[in-house]
Amino acid sequence: MKRTLVILALATAGALGLVSCERKPDTIKIGIAGPMTGPVAKFGEQLKKGAEQAVADINAAGGVNGKKLELVVGDDQCDPKQAQTVANKQVEAKVSVVIGHFCSSSTIPASVVYAENNILQITPASTNPQVTDRKLPTVFRTCGRDDQQGDVAGDFIANKLKPKAVAIIHDKTTYGQGLADATKNRLNEKYKIKEVLYEGINQGDKDFSSLVTKLKGLKVDVIFFGGYHAEAGLIVRQAFDQGLKAKFVSGDALVTDEFPQVVGKPEAAKGVLMTFGADARKIAAAKPVVDKFKAAGYDPEGYTLYTYAAVQAAVAALKANENTRDGKKLAEWLKKNGADTVMGRKEWDEKGDLKTSDYVVYLWTEEGGKLTYKEL
Amino acid sequence: MHIFVQQIVNGLILGSIYGLIAIGYTMVYGIIGMINFAHGEIYMISAYLFAIFLALVRLFGVDSVPVALLVTLVATIVVTGLYGFTIERVAYRPLRGSTRLAPLISAIGMSLVLQNYVQLAQGANEQSVAAIFSGVFRFGTETDFTQITHVQALIIAVAIAAMGVLTYIINRTPLGRACRATQQDRTMANLLGIDTDRVISLVFVIGAGMAAVAGVLITLNFGSFNFFIGFVAGVKAFTAAVLGGIGSLPGAMLGGLVLGLSESLFAGYVMSDYKDVFAFGLLVAVLIFRPTGLLGRPAVEKI
Chain G
0 MKRTLVILAL ATAGALGLVS CERKPDTIKI GIAGPMTGPV AKFGEQLKKG
50 AEQAVADINA AGGVNGKKLE LVVGDDQCDP KQAQTVANKQ VEAKVSVVIG
100 HFCSSSTIPA SVVYAENNIL QITPASTNPQ VTDRKLPTVF RTCGRDDQQG
150 DVAGDFIANK LKPKAVAIIH DKTTYGQGLA DATKNRLNEK YKIKEVLYEG
200 INQGDKDFSS LVTKLKGLKV DVIFFGGYHA EAGLIVRQAF DQGLKAKFVS
250 GDALVTDEFP QVVGKPEAAK GVLMTFGADA RKIAAAKPVV DKFKAAGYDP
300 EGYTLYTYAA VQAAVAALKA NENTRDGKKL AEWLKKNGAD TVMGRKEWDE
350 KGDLKTSDYV VYLWTEEGGK LTYKEL
Chain X
0 MHIFVQQIVN GLILGSIYGL IAIGYTMVYG IIGMINFAHG EIYMISAYLF
50 AIFLALVRLF GVDSVPVALL VTLVATIVVT GLYGFTIERV AYRPLRGSTR
100 LAPLISAIGM SLVLQNYVQL AQGANEQSVA AIFSGVFRFG TETDFTQITH
150 VQALIIAVAI AAMGVLTYII NRTPLGRACR ATQQDRTMAN LLGIDTDRVI
200 SLVFVIGAGM AAVAGVLITL NFGSFNFFIG FVAGVKAFTA AVLGGIGSLP
250 GAMLGGLVLG LSESLFAGYV MSDYKDVFAF GLLVAVLIFR PTGLLGRPAV
300 EKI
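Line order of the protein sequences matches chains G and X. Once you know that position 64 of the first sequence is 63 in numbering that gives the first Met the number 0, the rest is easy, because the numbers rise by one and skip nothing. Once you know that position 48 of the second sequence is 47 in numbering that gives the first Met the number 0, the rest is easy, because the numbers rise by one and skip nothing.
These aren't lab readings, by the way, just hints derived from the structure by calculation. Keep in mind that a hint or two might mislead.
If we take Cβ atoms under 8 Å as the criterion, some of the chain X residues that face chain G in the derived model are [claimed, not checked]: (1) Leu-13; (2) Asn-124; (3) Thr-148; (4) Ala-152.
Backbone N, C-alpha and C define an ideal beta-carbon position, used for all residues, glycine too.
This is chain X alone, in the form it adopts within the complex:
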């Protein structure tokens, strides 16, 4: 019995990991209609930044774990946000006026640039972070239990909280209103006095910040990372976002959970060999019957 529950828990954890990264994809698409393919790489960079800041903080003699983590988390979010801002300015803003394809290609190019930049700057080895958070919650007996580590529980909590906070911001705050206005009709929003450039930059920074939170938590969970994790995570998270309905924040979370659960349950009860085939097959099936994803809204064409 506990094995089944554990597999469900595994799926929820994996799903939250995908969801955390998918939120960044979906937010950017929701506001400016563009898939930021470099988002996976921003997540990868935040993992490296986290490790670097952690080492620096240790060097300065900060021994307390919560303080060290808090400081590195803030530092990582800030610097990753800067990366997001710069990438938007350099690779996407100049292409705002051109065809829909141009920013997409630029994003793919940016993603390759970042991968190779990190590979050259930090080397191609597996990097690791010391296991500082080692606690587990175990339910059941000594030999037959279901468990979730502290970090994994935090991932699920943060993913849901982030989704809640961002949905609140988009729907209830002036900033959110500006975002929605920019998404609905950029020219009109500009005419009405909304600085759409600033709004878009802010959305990218928030997206990068979310990637940073994901990077920190996921690195704490797995312990090791390399310059290529962005690509793999990016594909899965993008799939999760599309599955749930790209542009919808709850959709990103739902898509992530569906993907994570299907992977875990298939690996756990059928075979690990083809779990990706199953997961992507599921995506295709969902899209055939609901082309805009599970929670997606059909695009309204204004005549």
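The shape of chain G in the complex, shown without the other chains:
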């Protein structure tokens, strides 16, 4: 028995040794981190597809200073604890740049790890102001900020909807509550509109009937929701079912066709308003890439092209700096030079935010039997 165990141990050690001896071709590793599984996996898919297409296109054009790109995928499930684990793993895998994460509540803790290890991080979708407000030198975004988004939402609600009673609901996450607060501040400060209700729900809850009934009792005619599409969809559906006639306004986390799916009833999903950046698919520079996606059977909605742009920006910095992994050096280069991307020319300010923001309001409408969002 003892002899068999010894032989087995030696064999295993040998096999493991052989595995670690495997020589990999010299590549530049680009990390892509996001919620690949979990309640917002649909957005993780947007990020992954955007990054994969960008890497494929760049490799086809010759790579970066002769070296090919390789993606290292990390799944954080939109959970801050997992995000830290993913960040550590990405650092261990010796990535040159990380594109990610998606949820602001994940990006913020992960950014601490990346900054400590001097790795450039570009998030394509985390909009909470704190991501860049902490002035970490290596953090960038290719999306806007929630205070900008909140301003646009607040302006729209006050000027176009002229509400009698506004309710502001959030989901207690960094992103959701941050966005709700930004809109609340805009309405309170600029328009002196005070909301009749400011409340938080839990992510993962399914039953919002008490909340909807309360809103009915308060005769609310505009609801602003800061949160993700799973809860937003359920609130919209349950409000419709209970006959609550209120306009529903939310933010960029509804930008997926999974939102109307969760609502389940086209008559309920119609008329929902949300803020998001200008539709990247309509930008002239993006047409060839959009066509490539569509040819492969995928509509690059939401943040797909933002991720593509983030990869391009990272690659531009790498190309100009001899593929260095020094995050601070790449960051300084990006802030000084900007980058040409599929979403047009992008330039960043001292904090890593885009110099121009382009949030607009979208309306979910029914077109040809399908629900899509149109810019207002």
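With chain G held as given, fit chain X onto it using these hints.
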């Protein structure tokens, strides 16, 4: 006035949802003294099965809504029952003779296995079922009314009916007698010729069947589900079962209603933010004063 009544109705609906799932927990505990932590996951699987069968039935061109629903309901109950049977055989029966903790850990492990299995097999997205049942009952005027949808009314009715039927089975039928005998003294029951293995398997299958009914109705009500709903529902339903007295079927229903009402009323009249804190705080308070739950019987120790 209607707002208050509506909040009560909301609480009753939510409570019945918890009660429906809690019945499965309480039945299994009542018969073999074990908390089946995988019960929430069985409920989640039944939601997926329901959606799959519904799609299949639609594919075969069955357009009539009642027929489609009936067929999918039966199919879901059968397959979920099979899941319950298999889980008992694989994860709990081999541990029958060991410490009290072993089947508990096995149940938790099983619950994780099922969650990840569904996540891998079906993806991690939100799934949804088309809104086929859309009717509502409304009481009051055009603008000021209390309402309950057809599906929600069905949930309350089915929960109470299920509790009634199961209580009748346990107390009045030979099968129920065998269950009670197994619960009181398994060795003696075996000696007296009752096939306790079969009884226990049957209890798990019935529990899984109840989870399937819950899965179908609740999915019809909310419309969307994902691989994680079992965990959340499981915690709440388990709480409801303990609140009402674990092992008691009317207790499961009562616990569910108390939990549902307290959540709804707190969310409706105080704030939604801390409704779970309030609900669980209530549980702690009840257990301090009645450790066996509202309708629980104190465990009798045979010397």
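Hints and how they fare:
1. Leu-13: 5 Å, holds
2. Asn-124: With Cβ-Cβ at 6 Å, under 8 Å, it holds.
3. Thr-148: With a closest approach of 6 Å, the Thr-148(X) hint holds.
4. Ala-152: 13 Å, violated
Comparing the model with each numbered hint stated earlier shows that hint 4 is the single one that does not hold.
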